[in-house]
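Colleague: The residues making up each chain are set out below.
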Amino acid sequence: MKLSMASSPHNHSQKNLSRLMLTVIAACIPGIIAQCYFFGFGVIVQLMLALITASLSEAFMLSVRKRPVWPALSDGSAWLTAVLLAISIPPLAPWWIVVIGTVFAIVMVKQLYGGLGFNLFNPAMAAYVLLLVSFPVQMTSWTPVSSLLAQPLNLMDQASLIFFEYSANHTDLIGALTSVDGTTMATPLDTVKTAVSQNLTVDEAMMGKQFSAYAGIGWMWVNLAFLVGGLFLLKTKVINWHIPVAMLATLAFCSAIGFILAPGSHAGSLFHLLSGATMLGAFFIATDPVSASTTNRGRLIYGACIGLLVYLIRNYGGYPDAVAFAVLIMNMAVPLIDHYTQPRTYGHGAAK
Amino acid sequence: MDSLLEQIERGTLWQFPGGVHPPQQKSLSNQQPIARLPLPDKLVLPLKQHIGANGQLLVNVGDKVLKGQALTKPTANWSLPVHAPTSGEVIEIKPMPSAHPSALPELSIVMTPDGNDTWCELSPVSDLNKLDHKTLIDLLHNAGIAGMGGAGFPTYVKADSHQPIEFLVVNGVECEPYITADDLLMREHAQEIVQGIEVMQQLLKPQRVLIGIEDNKPEAIAAMKRASAHNTAILVRAIPTKYPSGGEKQLIRVLTSKEVPSTGIPADIGVLVQNVGTLFAISEAIYKGKPLIERVVSVTGNTIGKPQNVWALIGTEIKHLLDCQGFTPVLEQRVVMGGPMMGFTLPTVRIPVIKTTNCILAPDNQELAEPGDEKACIRCSACADACPQSLLPQQLQWFAKSKDYDKLEAYNLFDCIECGACSYVCPSEIPLVQYYRVAKAEIREQKLDQIKAERAKERFEARKERLEREQQERQNRHKRSTSRSAKPDAEKAKVADALARVKQKQGDKSAVQAAIERAKAKKAADGSLEPDNSEVALERALRKEQARLYKEQKTSEDAPLAENAKEDSGKKDAVTAAIARAKAKKAAQQGEQENGQPQPQASEPETKKSDDDPRKAAVAAAIARAKAKKAAQQGEQENEQPQPPASEPETKKSDDDPRKAAVAAAIARAKAKKAAQQGEQENEQPQQPASESETPTSDDDDPRKAAVAAAIARAKAKKAAKQAEQENEQPQTSTSESETQKPDDDDPRKAAVAAAIARAKAKKAAKQAEQENEQPQQEQSVQDAGSTDATPQTPEQKRQAAIKAAVAKAKAKKQAKEQEGNDPS
Chain A
0 MKLSMASSPH NHSQKNLSRL MLTVIAACIP GIIAQCYFFG FGVIVQLMLA LITASLSEAF
60 MLSVRKRPVW PALSDGSAWL TAVLLAISIP PLAPWWIVVI GTVFAIVMVK QLYGGLGFNL
120 FNPAMAAYVL LLVSFPVQMT SWTPVSSLLA QPLNLMDQAS LIFFEYSANH TDLIGALTSV
180 DGTTMATPLD TVKTAVSQNL TVDEAMMGKQ FSAYAGIGWM WVNLAFLVGG LFLLKTKVIN
240 WHIPVAMLAT LAFCSAIGFI LAPGSHAGSL FHLLSGATML GAFFIATDPV SASTTNRGRL
300 IYGACIGLLV YLIRNYGGYP DAVAFAVLIM NMAVPLIDHY TQPRTYGHGA AK
Chain B
0 MDSLLEQIER GTLWQFPGGV HPPQQKSLSN QQPIARLPLP DKLVLPLKQH IGANGQLLVN
60 VGDKVLKGQA LTKPTANWSL PVHAPTSGEV IEIKPMPSAH PSALPELSIV MTPDGNDTWC
120 ELSPVSDLNK LDHKTLIDLL HNAGIAGMGG AGFPTYVKAD SHQPIEFLVV NGVECEPYIT
180 ADDLLMREHA QEIVQGIEVM QQLLKPQRVL IGIEDNKPEA IAAMKRASAH NTAILVRAIP
240 TKYPSGGEKQ LIRVLTSKEV PSTGIPADIG VLVQNVGTLF AISEAIYKGK PLIERVVSVT
300 GNTIGKPQNV WALIGTEIKH LLDCQGFTPV LEQRVVMGGP MMGFTLPTVR IPVIKTTNCI
360 LAPDNQELAE PGDEKACIRC SACADACPQS LLPQQLQWFA KSKDYDKLEA YNLFDCIECG
420 ACSYVCPSEI PLVQYYRVAK AEIREQKLDQ IKAERAKERF EARKERLERE QQERQNRHKR
480 STSRSAKPDA EKAKVADALA RVKQKQGDKS AVQAAIERAK AKKAADGSLE PDNSEVALER
540 ALRKEQARLY KEQKTSEDAP LAENAKEDSG KKDAVTAAIA RAKAKKAAQQ GEQENGQPQP
600 QASEPETKKS DDDPRKAAVA AAIARAKAKK AAQQGEQENE QPQPPASEPE TKKSDDDPRK
660 AAVAAAIARA KAKKAAQQGE QENEQPQQPA SESETPTSDD DDPRKAAVAA AIARAKAKKA
720 AKQAEQENEQ PQTSTSESET QKPDDDDPRK AAVAAAIARA KAKKAAKQAE QENEQPQQEQ
780 SVQDAGSTDA TPQTPEQKRQ AAIKAAVAKA KAKKQAKEQE GNDPS
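Chains as they are written, first to last, in numbering that gives the first Met the number 0: chain A, 0 to 351; chain B, 0 to 824.
By construction, these hints were calculated from the structure, which means they are not laboratory data. Everything hinted at is true.
Pairs of lysine-lysine residues, derived as DSS-like cross-links and limited to a Cα-Cα distance of at most 30 Å, are as follows:
# : chain 1 : residue 1 : chain 2 : residue 2
1 : A       : Lys1      : B       : Lys93
2 : B       : Lys72     : B       : Lys93
3 : A       : Lys1      : B       : Lys318
4 : B       : Lys402    : A       : Lys65
5 : B       : Lys400    : A       : Lys14
6 : B       : Lys41     : A       : Lys1
7 : B       : Lys478    : B       : Lys463
8 : B       : Lys289    : B       : Lys63
Chain A stretches covered by chain B per the calculated footprint, using a threshold of three residues with CB under 8 Å from any CB of chain B:
#  : segment
9  : 10 to 23
10 : 69 to 78
11 : 114 to 123
12 : 288 to 300
13 : 339 to 348
Partial pick of chain B residues on the chain A-facing surface, computed with a CB cut under 8 Å:
#  : residue
14 : Pro260
15 : Glu331
16 : Cys376
17 : Cys379
18 : Gln393
19 : Ser427
20 : Pro430
All residues carry an ideal CB built from backbone N, CA and C; glycine is no exception.
One chain only, chain B, in its complex shape:
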C-alpha cells in the first residue's frame, strides 16, 4: 500500500458522497476576456467585508484620498482595513445596505471618484526571501486581503497558522453553475496566482501544493500547469465536475482523502485551502504593493446583454455592473449575488461589490424557474442521496418543522454546509436549506439564552450566598452584643444551666440533653411572652450597619466640599460630629431598644443603666442639628432675597443663586445630613413611631422630643403654607372662607415667602426621595392638624418656625428615605 503522499503524487483522487449535476451555464460568461469597466459615479465601501471586526476609520467626510490609500486601520479581532479603490473624495460615512442576505445597513464610506485614478505611493517587494515571516504577514494584513471564495476569512490569520501544514490546497474548482470568475482569472493570470502560491509556500512550508480545478475548465487547467511547471511541489489536479466539489471540506476529501473533523478547521488535519482569487490578491499585494481594491466578478444570466467577467472596483454598486453589461429586467426579476445554488437575492441593485462578491446573476424566469409550492415530503431520500455531508436532510426537515432541537443536533444539523443540493433534488420542492438556516439560528439563539440564564443563576446564587454570609456576620455580632447587654437572657440561661446541672446529677446524659432542650423550649416560650430581643437586635444591627455604610459614603462625599469651603471649621465640625456620632451610636444601641419596643417592662431598668450616654449623645446631636439649622437658615435667607414670591421658587433659584450661598448651603446640607444620621440613630423610626412618641409620657427621651419638635415645626410650616396658598388664591377668588382665615395672619407676604421656601424645600426633599411613602405623610398631616391648634404663634416666630420646619421636614424625609432603603432588606 502506497503512502498517502505517493497516492497523491500518482494523481489519485477520492470521492465524496452525494453531489448533484445542475446545468453548468458556464459558457455564457467564459467566452470573453475579463473586461475593464468605466469608473462608477460613486463607491460605497462597507468597513466590514469579511469575517471579523471593523477597522478603525482613518478618514473624515470631505477628505481627498488617493487610490490604494487605507481608509481604515486594522485593530484587534481579525479586523482588516479597506482601501480607496480609486482617487476621489469621501462624501459620506454612514450605514448603507450591505451585501448580505439581510441587506442590513453596515457603516460604509461613500466616495466619489475624481476620475484621475491617481495611485498613492506603493512599495512593492522585490525579493521575497529578504522578508521575515512577521513582515510578510503584516503586508497581507495591511493589504486587507480576505478569502475571496465566499466566506471572507482574513487571509493573514490563515497564513499565520501555527499548526504544521502538510498540504496547501488551491481552490480553483468553481463548482457553482454560471460563475467563471476564477476560471478567467486562472486563464489570464496564472503567473500571478502561482506567485501568490509561492508566497504562501514560504509562509507555511507545505509538503505539496494541490491545485484543484474542475475538469470543465480545460484552458484554466492548462494555464495553471504551464505557470507552475517550474515548481515541482505544485500539483495541478483536474477533478470531476460535480457540485459541490468546490466546498472546502469536499475539495479536501477529493484531493487528499482526509476529512476535516466536525468542529475543527482544515489546519487541524494539516491542510489549508486558499482560493485562486485570494492568491492573486496576495501576489498583487506583495509584488506590486497594491492592496485589495478590485476583483473579478462574473456578470451573467439571460437578462444580461453582454454576460462576461469584469474587473470591478470594491464598492462599485451592482447597478453599475448591470448597466455596463446591458441589463434588461424581466417581470419578477431576481438579482443574485453569488451562484444559483448558494447565492442570495438582492433587495436592491444599490448594493456594493465587496471582497467576497464573485458573481452577479440576473436570470430570467425560464433558466431558473421560480420555486413551486412546497408539497408533502414522501421520504424518498433523494436529498440524502445528494447530500455531500452524508446527512439525512429529510429527517432533519421533520425535526426542524417540529422544532426538535435536540434531535436536530443529534442528526448533525451543524455539519450542514447549506450547499442546497438537497433542495435542488427535492421532488416536493421543499426549501430544505431554508428550514435548516432557520433552525440553526433558533438553536444559536436558544444557546445564547441558555448562557444568559446560566449567568443570571450564578449571579443570583452568589448574591444569595453573600446575603447569607452577611446575615451570619450580623448574627455573630449580635451574639456578642447580646451577651453584653441582655442580662435577663443570660440569667435565664444560668437558671437553665443550673436546672440542667441539677438534672444531670440526677440522671444520665440523655437526661441532660432533655434538660437542655427543655430549657431551650422554655426560653423560646418565654421569648414569645416577653419581648423577643433577638429579632429586634437583629433589626437594629442591620440598620446600624446600613447607617454606618451610609455615613461613610456621605462623609467621603461631603468631606471635599466641607474642606473646600472651611477647612478648619469643617474639621472641627467633623471631629465634634464624629464624637457625637460615636456617643450617639453607643446610646442608640440601648436607646433603640426603648424606641423599637415600647414595652415598659424591659425599658425601665435599661433606661436607668444607660442614662448618661443617650443624654450626652442627644446633646451632641442637638448641637449638630442646631448648627446645621443655622447654616441652613443662612443659606436659605441668602437664597430667599432674590426670590420672587412665586409658587415655584426653585425653578428660578438657580438663576440668582450666589456662589457663596450655594457653598454655604452645601455645607449646611452636609451638616444637616450628618445630624440627621445621628438623629436617626436616636430616633429610630421617625415616621412610624411618631404617633407613639407624640404621647406626653415619653418626654424624657431626647429623640422623642426632637420628633415632637419636628412635628410641631412641620405643622407650623403647613399652616403657613396653607395660608400662603390661600393668600395667593385670594386675588382670584375672594370667598368668605378665605376671609375668615385672614385675621390670623398679620404679615401675609412674609408668611407666603416662608411658605414658598418651605414648600420648595419640601419638594426638593421629595425629589430626592425616589419612592415617596405616602402613608407617613398622611399621618404627619393628621398630627400636624392636631398640634397646630394648640400652639398660637406670632408671625415672626411663624416665619422662623416655617424655615425650621422646612429643614426639619427635609431631614425627616431624608430619614424616611433612608429607612425605606433599610426596610426591604
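Bound-form chain A, shown alone:
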C-alpha cells in the first residue's frame, strides 16, 4: 500500500490568507455604508475603480515578475489595499486620482519591494501620501455631508463628477461641493485647524453647521462604523488588540492633556478620536501585519508612537490629518522596534 508522507503538524487551523484579507475587507463594510450615507455613493465608484486597477496592476506585475498570477491575486491583499485607499480619498476625487494611487501602491510600494510580505511601507498609506503631496486640492476637497449640500448629488452626478469632473447639469466639482450657505467646506479637522490658526477658539470653530456635539456630523458616525468593524476584527482574532488600543489610548491621553492645559486651542479627546481617519487608521491601517511591528511589546510601542504622531501633526503640523504620515514614519522604525522588543524565550533569563 502506498502511503502519503507529510511533515508534522498534520493538522491546520484552517485559517488562510485570503480568508484573512476578505475578513478585513468585510470589516470595512460598516464604515463604507456610513460613508455612503453621509457623503453619497462616490465611495462605491472609487472602490470599483480601485479594485479593478489593483487587480490589473497586480496581475501585470506578477506576470512581469514571472510569478503565478492567480494564487497571489486570490490572496486578496491587493484588493484590501485598493479598498483602504478608496475609502481614504475624497469620494468625489477625479478617477485618475484613485487610479494613480492604486497603481503606485501595488506596483511601487508592494511588488517592486518583492510582493506581499516584503513591502516596507503600508501600500495604501504610501499611495495616499503620494496623492496628498502631489494633488493637494483634489485630495482635500471632501464632500460636505449630503444634507448640507445646496444641490444634493445623485449617483449619476457623482459618477460624472468623478469621471468628467463636472456633474450632469454642468456644475464643476467646486460648484457641486458648495454648501447650502454658498461656501465650500473643509473637513472638520481642517476647519478646526484653520480656526485655531486664525486665533479662534476650538469652541468657536465648532459652532459651524458641520459639527455636532462632539465632532463633525457624519465623520463621527463614519468613525464609529469603523470602530464597529475594528471590534469585529478583534473578536475574530484577525488583529491583535495591542496596536489599536495603544494608538487610541495615546491619542486620547495626549488630546486630554492638551485640552486640560489649553482648552481654547486644543480640541478634546472625543473630537480627535471621532474625527478624520482615526478609527480607520487604528484598526485597519496601523494593524497591517506586513509593515507593523511583530512583537507584542513592539506593537504597543508602535501603536503608541502612531497615536502621538497623529496628535502632534494634527495640532502642530501642516496637514489637517496625520494618520498616513504617522503610519509611514513608524513603518520605518519597525525593524528597530522589533529588534529591541524580542520576548524572553522560555528558559532564558530569570522567570518571574
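Please build the complex by placing chain B on the supplied structure of chain A, with the hints as guidance.
Modeller: Same frame as chain A, but now just chain B:
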C-alpha cells in the same frame, strides 16, 4: 506572599504563553476499554527503541525464547535491553525499517510467536522497602523501561538522578488530539500507576508528587484521585486543556511556575517528569517482575472501523493493529505514528510498535486536510502568539530561509520544541517546523564540521611544531659536526674574528658589530661561490637520520627471522654488519661530501684525510653484500629449479617453494637489505649521480665501483632478458631480426631462465616500491645500452651475472625507494 509549596498545595496553577486549541477528537477512541489483540504472525524488535546505545545481542537465529526473556543485555551508554514479548523462535536478526521519521533500517530481532505465550521465570518484589537503591535501579534498567511519553529516555538514568528532586511531576496530560492511551491507562490502571509513583518516591524522595491531567479527562482525574487518596504527598491537578501543555517544559511551568533553563534539564531545577505509562511499566517491573514488553496504543482516525486503545506487544507491526481494528484506506492515505501535531507519517505499515509508540492515527482527508501550498508570510505573527516557548517563529523562518545560522541561534532556534503550534496557526500554511528541523540539522552538521576542522588544525600545528623541532635538532647536530669537519669555515671564522678584533681595537662597539656583520656577509658571499656546506650537511644529516630509523626498524623486523633460521651465524652477521655499519657511517659522513658535491676543490683534501675509514667500510660493505648475494643466489637457485621457463614465474613460485628456500631467501633478503643500507650510505644517490659515477675518473671510490658493477650487472641482465624475450617470441614470429641476434646466444634456454628470474626479481622489487620513479630507470637503460657493448661475456658468466644483476637491481630499487621516501622531506 505564600511560599511556592503553599501555593502549589492550594492548587494554584500557572500559565504558559501561546498554545493552540486544535479539535480534540478524543472521544473517537476513549469510549471503549483497552482491547487485547490476537498474537501477530511475527514480531520485529529493534535493538534500539530509546535514546542511548544498543544492547548486546544474547540470542542467535533459531533460538527458542520465552515470553519476557531478555534478548539483549545492556552495556554502557544508556543502553537498555529488549525482551521477547511472547514465546517463540528467533528467525532473523537483520536491519529492518525503524519507527523513525526516516524509517532508516535498524538492527532488529525478528521472531515468530509459538502461540503458547509461555512466560519465563519472573521474580516479583514483595516488599519494596527491602530493596536498596542500587537494586531498584538495576531492576528498572533490566526491565528495559524507557520514557513512554515520546522521547524514550532510559528511565533508570532519570531515576538515578543525583540532583535533589523537589517535585516529581507525573505527566498524564496527553495534550495531543486523538490520543487517549494515557487517559484509558489512568482510568483502568490508576492503582498500578500510583504504585509506580511510590517506587519513584522511594528512589527520589521528592517533597511532592504533582499529577497533571488535562481537564478534558474527568474520569482519569477521578480515578487517579481515588487511587492516590492514601498518599498525602501526591496531588492530582486538573489543568486547562491547551496544546502543548503536555510538553515537559510547559507542564513544569503550569504545575510549579518554574522554568527549565534553556540548556538544562528539569533536574537542574529540582523537578523530574515521568509519563503515566512509564510509571505503570515501573510498577509491572517491580511488583510483577514483568519487563517492558507491551504498551497501550491508540488506534484511531476516521479510516479505522473500530477506533480504540489496544494492548500492543512491542514489535507488533502497525499492519496488524490496523487490520485488527478494521482499517479501510482512502486515497492518499496517511498513517501517522503519534498525534496529529507532532507525529510522523509512516512510509509503510510494516513498521513495529516500539516502546515510545502511543498512537497510530489513520485519518481520512477531511478530518486532517492535506496541507495547502505555502504562501507568502505576511508577518502577522500568529505563530509568535501561538508559540509556547515565546520564540518568534516568523523571524526564525526568514533566517532559516536565508540560512543565517548565527541569527537563528541568536533567536534561540534550539529552544524550539517542534510542537507545531506555529505551523498550525499560520494563515500562509508555511511549514515552519520543517524549516526549523532542517535548519537545526544544518547547524548541527556545521558545528560538527567546525569541530573536525578545529581538530585538523590542531593536528597540523602539532605536526608543524614537531617538524620544526626536528629541524632544530638536526641543525644542532649539524653545528656540532661542522665544527669538527669543516675546517675552512672555522678558519674563515678565525680570520673574521681576527679582523673583527683588529677593528675592535681601532673602533668602538658599533665598529665591532659592523665588522662581525661584514664578516658574516663575506662568509655568506663565500658560501655562494664555494660549496655551501651547511645545506649539504643538512641534507646529509637528514638522510642519516632516516637511514638510521629505517635500519632500526629493519633490524627489529629481521632479527627474529634471522634468529629463527641461524642464530649463531645471524648473530655473527649482525655483529659484523653492525661494525660495518658503524664504520660505513663514519666514512659516509665524509664520503658523502665527495659524492654529494663533486667539487674537486673541496673533495681532494678531505679524501686524503678520510682515506682509511671509507675503504674499511667499503670492504665491510662489500663482504656483507657478497654474503647477501651468495645467499640470494642459493635461494634463487633453489627457487629456480621447479620453475618452468614461463614468462611469469613468480605466480607459480609460491606453489613449489620449499620452506628451506623461503627461509634462506628471507635471510638473504635481510642481509641484502642491511648491505643495501650500508651501500646507500656510501653511495648516497645511486640513481641520480649514477651518470657521474660512471665516469672513469672516479674509480678510486668504492661506492662508485659498486655503482658501476651494479650498472654493468643490470645491463647484462637486461640483455639477457631481451634475448630471452626474443627467444620466446621466436616460435611465433621467426623474423630476420631475431635471427641476427641469435648467434650471440649459446645456451638460450639457460639464459631465458635467468632472464625470467631476473625479471621476476625486478618485478618483485618494483612491486615493493610503491611509487616507481621512471626517470632513473630510463637513465639506467641508456647507460645499460652503453655498457653492454663494451663487455662481451660467455653464457655461463652471463647467467651468473644475470642473477647478480637481478639482486643488484632489487637493491638499487630498494635504495631508490628509500631515497624517494627521503627526498620529499
